[in-house]
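S.K.: Protein sequences appear in the order of chains X and U.
Positions 5 to 115 (the numbering used here) are the ones given, in order, by the first sequence.
Positions 24 to 136 (the numbering used here) are the ones given, in order, by the second sequence.
Hints listed in this document are in silico derivations from the structure and should not be mistaken for laboratory results.
The structure presented is a predicted model; accordingly, all values stated were derived computationally and were not measured.
Glycine included, every Cβ here is placed at the ideal spot set by N, Cα and C.
Please note that a few of the clues may not be correct.
Claimed, not checked - Ranges of calculated distance between the beta carbons of each label pair, as one might list FRET restraints: (1) X/G45 <-> U/T36: 15 to 23 Å; (2) U/E26 <-> X/S86: 33 to 41 Å; (3) U/T28 <-> X/N11: 28 to 36 Å; (4) X/N57 <-> U/S78: 24 to 32 Å; (5) U/E26 <-> X/K6: 41 to 49 Å; (6) U/S32 <-> X/P115: 17 to 25 Å.
Claimed, not checked - Taking lysine-lysine pairs in the DSSO-like style, the calculated list, with each CA pair at most 27 Å apart, reads: (7) U/K65 <-> X/K60; (8) X/K6 <-> U/K65; (9) U/K80 <-> X/K46; (10) X/K107 <-> X/K6; (11) X/K6 <-> U/K80.
Stated by the list, open to error - Covered stretches of chain U (in silico footprint by chain X; criterion: 3 or more residues with CB under 8 Å from a CB of chain X, positions within the stretch not fixed): (12) 32-42; (13) 89-100; (14) 123-132.
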Amino acid sequence: QKEVEQNSGPLSVPEGAIASLNCTYSDRGSQSFFWYRQYSGKSPELIMFIYSNGDKEDGRFTAQLNKASQYVSLLIRDSQPSDSATYLCAVTPYGNNRLAFGKGNQVVVIP
Amino acid sequence: EPEVTQTPSHQVTQMGQEVILRCVPISNHLYFYWYRQILGQKVEFLVSFYNNEISEKSEIFDDQFSVERPDGSNFTLKIRSTKLEDSAMYFCASSTGGEETQYFGPGTRLLVL
């Protein structure tokens with residue numbers, strides 16, 4: 005079982021629409037959850053972090069965490085062409101300080 | 024805004040050669056990390072470093088790899104004898120705490136011929 009799974013394929017959304025991304029993780033003891041954005045050929049850039057169950061909003065981004073179901077999601081409201089990137093879900097497994105990354109979801113915002 | 028820096032941005036080397044990748048973490052951070060990303064694949068953890076010693080390492084981080092903090096600002100990754108499969112983007116990251124947000128540098132693209 006993969007530590008972090010992001011299974012959906014490329015997501016195309018019209019400009020102004022909501023993009024929804026999901027991620028599941030295998031280690032039930034994981035404490036810290038992150039969403040990074042990665043443009044092609046660039047390094048991961050932090051979008052949001054979340055530690056507690058529920059929703060956390062930051063501007064156009066909302067992260068949702070459900071520890072019982074072991075999933076994390078990211079909503080991007082009012083999607084802009086500049087949001088076109090690969091979104092990486094990352095988790096800190098219990099007792100570790102490393103990040104375990106999913107393979108990422110590519111988002112394409114169509115003007 | 025403080026940021027992690029890495030040098031060089033690109034490095035081309037011959038198989039079997041040694042390479043040293045350099046990083047300057049954010050100044051008040053205490054935890055330092057190296058990750059790599061092979062083209063088209065996910066970001067993979069290599070090693071974490073805290074209090075002048077390795078705190079965790081992955082299976083990838085074998086005897087060919089070593090890390091060092093030679094002074095108060097630099098953090099280096101050495102690959103002793105590079106292989107073709109070491110070709111990847113190498114990212115340095117740093118954080119204030121073990122489970123805190125990790126901030127990534129721009130990466131070094133390593134190509135082994």
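S.K.: Now, for every hint given, state plainly whether the structure supports it.
M.R.: Hints, verified against the model:
no., hint, verdict
1, X/G45 <-> U/T36: 15 to 23 Å, "holds, 20 Å"
2, U/E26 <-> X/S86: 33 to 41 Å, "violated, 20 Å"
3, U/T28 <-> X/N11: 28 to 36 Å, "holds, 35 Å"
4, X/N57 <-> U/S78: 24 to 32 Å, "holds, 28 Å"
5, U/E26 <-> X/K6: 41 to 49 Å, "violated, 31 Å"
6, U/S32 <-> X/P115: 17 to 25 Å, "violated, 31 Å"
7, U/K65 <-> X/K60, "holds, 25 Å"
8, X/K6 <-> U/K65, "holds, 12 Å"
9, U/K80 <-> X/K46, "holds, 24 Å"
10, X/K107 <-> X/K6, "holds, 10 Å"
11, X/K6 <-> U/K80, "holds, 18 Å"
12, 32-42, "violated (count 0)"
13, 89-100, "violated (count 0)"
14, 123-132, "holds (count 8)"
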